[in-house]
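> So you can see what is in the structure, the chains are spelled out below.
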Amino acid sequence: MFGRDEKVSSIRLTAVQYIILIIFMILAYGLWRLQVMQSDFYAQLAEKNRIRNVPILAPRGKILDRQGRVIVDNYPSFSALLLRDSTRDLNADAEIIAQGLHLEPKEVRDRIRKFTSMPQYQPIFLKDDITPDELAFIEAHKNELPELDTIMAHRRLYPRNGFMAHLVGYVGEVTETMLNQPQFEFYNPGDVVGVSGVEKQYNQILMGQNGSRRALVDSRGKEMGRLDETPAVPGKQLKLTLDIDLQIAAEEVMEGKNGAVLAMNPRNGEILAMVSRPTFDPNDFAVRVSRDEWNKLVNDPDKPLLNKAIQAQLAPGSTFKILMSVAGWQENIAQTLNVHCSGGATFYGRRFGCWVKGGHGPVDFTKAIYQSCDVFFYTLAEKLGIDRIAKYATALGLGQKTGIDLPNEVSGVMPSEEWKIRNFKQKWFAGETISVGIGQGAIATTPVQLMRAISAISMDGRMVVPHVVNPTELPSGVVDVQRYTEVKTIPIDSTGYTTITDAMARVLLPEGTAPSAHIPGIDIAGKTGSAQIVSLALRAKHENDDNFAQNGWFVGFTPRRNPEIIVCVLFEGGEHGKLAARLATQVIKAYVDKQNRQPTKMAKDAGKVDVGALWATPDEDGKANNGIGAGHFVVEASEKKPPLAAAAPGLQ
Amino acid sequence: MSRYVSYRDFDWLLIIFVLMICTIGVFEIQSATVHTKFAGAHIKQMYWILGGLIGMFLVSLLNYQALLEQVHWMYIAAIGSLMSVMIFGQKYLGARRWIKMPGGQHFQPSEWVKLILILAVAKYFADMHHRELSWSDFIKAGAIVGIPMLMVLAQPDLGTALTYMPIALMGLFLGGVRLKQALIVLLIAGSVMPLAWHKLKPYQKDRLISFMEPEADKQGSGYQVIQSKIAVGSGGIWGGTGTQTHLSYLPVPQTDFIFAAFSEEHGFVGALGVLLLYFIVLMRLTQNAQTAPDRAGTFVVMGVVAVLSFHILVNVGMVVGFMPVTGIPLPLMSYGGSSVLFMFLALGMVMNVRMRRFVN
Chain A
1 MFGRDEKVSS
11 IRLTAVQYII
21 LIIFMILAYG
31 LWRLQVMQSD
41 FYAQLAEKNR
51 IRNVPILAPR
61 GKILDRQGRV
71 IVDNYPSFSA
81 LLLRDSTRDL
91 NADAEIIAQG
101 LHLEPKEVRD
111 RIRKFTSMPQ
121 YQPIFLKDDI
131 TPDELAFIEA
141 HKNELPELDT
151 IMAHRRLYPR
161 NGFMAHLVGY
171 VGEVTETMLN
181 QPQFEFYNPG
191 DVVGVSGVEK
201 QYNQILMGQN
211 GSRRALVDSR
221 GKEMGRLDET
231 PAVPGKQLKL
241 TLDIDLQIAA
251 EEVMEGKNGA
261 VLAMNPRNGE
271 ILAMVSRPTF
281 DPNDFAVRVS
291 RDEWNKLVND
301 PDKPLLNKAI
311 QAQLAPGSTF
321 KILMSVAGWQ
331 ENIAQTLNVH
341 CSGGATFYGR
351 RFGCWVKGGH
361 GPVDFTKAIY
371 QSCDVFFYTL
381 AEKLGIDRIA
391 KYATALGLGQ
401 KTGIDLPNEV
411 SGVMPSEEWK
421 IRNFKQKWFA
431 GETISVGIGQ
441 GAIATTPVQL
451 MRAISAISMD
461 GRMVVPHVVN
471 PTELPSGVVD
481 VQRYTEVKTI
491 PIDSTGYTTI
501 TDAMARVLLP
511 EGTAPSAHIP
521 GIDIAGKTGS
531 AQIVSLALRA
541 KHENDDNFAQ
551 NGWFVGFTPR
561 RNPEIIVCVL
571 FEGGEHGKLA
581 ARLATQVIKA
591 YVDKQNRQPT
601 KMAKDAGKVD
611 VGALWATPDE
621 DGKANNGIGA
631 GHFVVEASEK
641 KPPLAAAAPG
651 LQ
Chain B
1 MSRYVSYRDF
11 DWLLIIFVLM
21 ICTIGVFEIQ
31 SATVHTKFAG
41 AHIKQMYWIL
51 GGLIGMFLVS
61 LLNYQALLEQ
71 VHWMYIAAIG
81 SLMSVMIFGQ
91 KYLGARRWIK
101 MPGGQHFQPS
111 EWVKLILILA
121 VAKYFADMHH
131 RELSWSDFIK
141 AGAIVGIPML
151 MVLAQPDLGT
161 ALTYMPIALM
171 GLFLGGVRLK
181 QALIVLLIAG
191 SVMPLAWHKL
201 KPYQKDRLIS
211 FMEPEADKQG
221 SGYQVIQSKI
231 AVGSGGIWGG
241 TGTQTHLSYL
251 PVPQTDFIFA
261 AFSEEHGFVG
271 ALGVLLLYFI
281 VLMRLTQNAQ
291 TAPDRAGTFV
301 VMGVVAVLSF
311 HILVNVGMVV
321 GFMPVTGIPL
331 PLMSYGGSSV
341 LFMFLALGMV
351 MNVRMRRFVN
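Chains A and B are the protein sequences, given in the same order. In terms of the numbering used here, the first sequence is residues 1 to 652. In terms of the numbering used here, the second sequence is residues 1 to 360.
If you're looking for bench data, these hints aren't it; they were derived computationally from the structure. Mixed in with the good hints, there may be bad ones.
[Said to hold, decoys possible] Derived DSSO-like pairs: lysine-lysine, alpha-carbon spacing no greater than 27 Å straight-line:
| id | chain 1 | residue 1 | chain 2 | residue 2 |
| --- | --- | --- | --- | --- |
| 1 | A | K7 | B | K180 |
| 2 | B | K140 | A | K114 |
| 3 | B | K140 | A | K7 |
| 4 | A | K62 | A | K200 |
[Said to hold, decoys possible] Now the stretches of chain B that chain A is said to cover, found in silico as 3 or more residues with beta-carbon under 8 Å:
| id | segment |
| --- | --- |
| 5 | 68 to 81 |
| 6 | 226 to 237 |
| 7 | 260 to 270 |
| 8 | 282 to 293 |
For clarity, every value in this text was computed on a predicted model and none was experimentally measured. A virtual CB, placed ideally from N, CA and C, is assigned to each residue, including glycine.
Work out the full structure, taking the sequences as your base and the hints as a guide.
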């Protein structure tokens with residue numbers, strides 16, 4: 001009986017052993033063939049068969065203004081590389097290399113040592129931005145020092161002195177934390193990406209794709225032949241909605257001051273200028289920035305790295321009264337409200353003062369706006385209550401991001417009963433509403449938010465999305481065009497609209513709060529604001545301390561209805577809104593001036609033109625202007641382009 | 001019935017040779033990865049080996065005969081795990097082979113299924129009542145191996161699926177297959193070849209073509225074969241500087257091509273030495289098979305011998321250019337947890353059988 005204990009046929013087992021032996025002998029033969037018989041042949045192949053992969057860096061796309069003028073460009077910069085894929089003793093050559101590249105030999109050796117853990121086919125970057133003589137040195141020593149090579153990198157050239165620094169942003173090497181995020185999946189260490197501003201927001205478009213060049217090298221590292229080349233795909237250029245001429249005016253106006261300036265087209269949301277002060281020079285970041293310099297910027301109390309236009313959250317002060325006006329009118333309270341301002345009023349047991357100590361006297365809706373009477377708006381606030389105020393303010397975009405196409409925008413704060421409970425677990429006290437009425441208290445806006453809200457009011461309720469790039473200029477599919485062109489309509493009664501905008505126009509007349517900002521010939525409507533950042537009592541104690549000075553705000557537009565341009569100025573420490581107003585109207589003037597400048601009419605392709613001329617000449621006695629000369633000329637009318645506006649400082 | 005099992009019967013000689021191969025492997029992995037992003041892989045490999053050793057000891061404690069009684073359940077579990085790969089598996093590099101475990105590790109069922117298959121085939125042939133195979137026995141044996149093989153093939157993982165075949169072949173051969181049967185099956189297989197060719201995926205076709213004619217596609221699939229031969233050849237008799245490995249011309253030197261990397265650095269002498277070590281291990285295993293207490297034990301050990309030999313044949317064959325490129329690792333030397341663990345567990349089974357050879 002054949003059972004489980006019956007042994008397996010020993011013949012077959014032995015057969016298996018012999019089969020295994022034969023297999024191994026075949027394998028040993030294979031080794032013999034390669035390693036003994038054809039050893040030299042393969043050794044030679046190993047020597048010759050080396051492929052070197054050198055990246056071709058792609059240039060980043062230029063950034064242009066709305067007229068196509070260059071704001072940010074690249075300049076070519078050469079870096080010196082040390083290749084390690086040959087059998088040369090690099091440390092021995094360190095002396096000569098150091099001499100030729102103006103480095104310390106110790107530095108070179110240190111770098112070689114630091115890189116030993118990296119794959120040998122990866123070159124070491126010895127020096128960036130090498131000079132022409134250093135470049136020549138490398139080229140001249142291609143035979144003696146084949147391990148030296150150069151690579152051309154493109155460096156970003158930004159306008160000098162921090163012109164447009166916050167809007168444009170700057171680039172840097174992608175960090176490890178960024179590489180771990182899903183949106184940076186396809187990026188490699190060493191890639192240069194936008195870190196802030198437009199450079200970051202539109203990095204996908206601006207950044208090109210590196211190519212690579214493959215060459216055959218021998219064991220000494222000498223190039224023997226070219227294999228193939230994948231060309232780099234350059235980044236696409238980006239056209240902004242910004243106007244350099246207006247930007248220059250805005251930057252000049254903020255010279256020596258802190259704060260922000262914004263200019264926008266209220267009809268479509270295109271940003272025409274954006275300034276934040278203090279500023280920094282992004283060219284410093286293009287080469288590596290030292291730790292000390294970085295710390296200095298980060299720890300500066302004036303926050304130069306912050307783009308105040310979209311990141312400063314401050315009390316709007318009296319500029320908020322315009323939103324109050326809309327709320328008051330729509331609720332049918334403001335149009336018939338009349339108060340007597342005697343310099344202050346008492347609400348809930350507390351005295352709230354008006355900025356005019358003696359009071360404004362009898363104040364109606366229109367006068368309250370152009371005279372900026374606090375008592376009127378305290379009263380209005382009390383009648384409306386915080387939730388109704390919040391309803392209109394939120395509809396106009398306060399307390400939310402505007403959605404502008406720049407990174408790191410903040411949302412500001414628009415208080416309401418629900419907001420207080422959610423964030424502080426406390427009930428909203430009616431007394432807090434009073435200060436909100438004049439744009440103080442818990443409310444905080446960013447300049448872009450405030451500008452958009454008032455822009456909507458100026459356009460009879462038509463609220464746009466501010467943006468710095470025209471979406472139709474971008475390749476399709478990159479952004480959601482709808483996001484940029486979305487228009488919300490806030491219902492505003494038509495009589496209210498005209499009343500409010502007319503009252504705002506009177507702000508810059510002698511009876512208003514900013515008559516000194518008036519520009520003859522331009523119909524500007526606006527609102528001033530002086531926002532406290534500490535209590536008035538504290539302010540009085542530290543009268544000369546700039547840290548406690550009030551912020552001056554102004555938002556103005558022209559013309560008063562269906563305006564072409566709106567400008568918002570935040571003048572930190574400016575004390576009075578009217579000072580901010582003067583800055584803003586300068587920017588508006590620059591805009592209007594530019595609009596009025598007609599292009600000169602030129603003869604087109606006229607070919608030859610007959611010109612006749614008479615001129616005064618001295619007569620035979622030498623007496624000036626007693627004789628007449630005459631002549632007939634033929635002139636070639638050539639095409640001459642009208643002169644462009646002044647270029648940005650830093651662009652040569 | 002209590003059985004007396006002593007650790008003196010543990011095959012220390014076998015373990016010594018196995019560990020020698022493992023150590024050579026660790027050194028080679030370290031050398032091949034020192035300048036790459038895989039640096040430190042040799043440390044991981046040491047952990048795997050340690051884990052494998054523990055596993056081996058644990059497996060040798062069980063009574064393999066009791067295991068074989070339960071093999072039906074294990075077989076069902078194996079099919080189940082392969083099925084869950086087909087349904088839940090993560091796609092990686094175009095193949096669905098892994099399941100993600102809680103804790104982030106990846107689990108490749110096709111390896112431990114191999115272990116179960118060895119046991120299943122052993123039990124099947126051990127329970128057989130005839131000296132020679134009938135056709136129905138033949139087909140049943142084929143099905144036991146064939147079904148998991150097709151499931152793995154569907155992942156698709158041609159390489160691993162092929163490693164199941166030697167288990168079947170060994171079982172059939174030792175189980176008493178008749179010459180006539182073998183010839184008939186070979187004929188059928190031969191005529192089915194062209195059909196199978198069409199079913200191959202493009203990259204698999206490429207590999208076969210470049211195996212025949214590596215020069216035809218220098219930069220593509222032929223690249224690996226050429227580079228391997230250059231590396232091995234340039235090693236000469238005594239070994240070279242290992243430039244091909246270190247300059248990354250030799251692809252995946254720590255896994256599939258570890259033998260090429262080793263041959264480049266240690267030449268003909270070194271390579272032949274390692275082959276000798278493997279040969280000794282295989283012969284020792286066969287000896288354990290011959291002294292097994294029952295048929296089942298013999299089949300288990302020979303199943304392990306079959307898998308081990310097949311891996312060596314295909315991997316080293318690929319390295320010297322006799323075989324097309326497949327993803328089959330060199331057991332005990334190639335870097336990789338599943339392969340190391342499988343080998344040690346399989347060796348555990350062998351220990352198991354050996355330790356009970358005086359017991360009945």
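> Hint by hint, note whether the structure agrees.
Here's how the hints hold up against the structure:
no. : hint             : verdict
1   : A:K7 to B:K180   : holds, 23 Å
2   : B:K140 to A:K114 : violated, 62 Å
3   : B:K140 to A:K7   : holds, 22 Å
4   : A:K62 to A:K200  : holds, 14 Å
5   : 68 to 81         : violated (count 0)
6   : 226 to 237       : holds (count 9)
7   : 260 to 270       : holds (count 3)
8   : 282 to 293       : holds (count 6)
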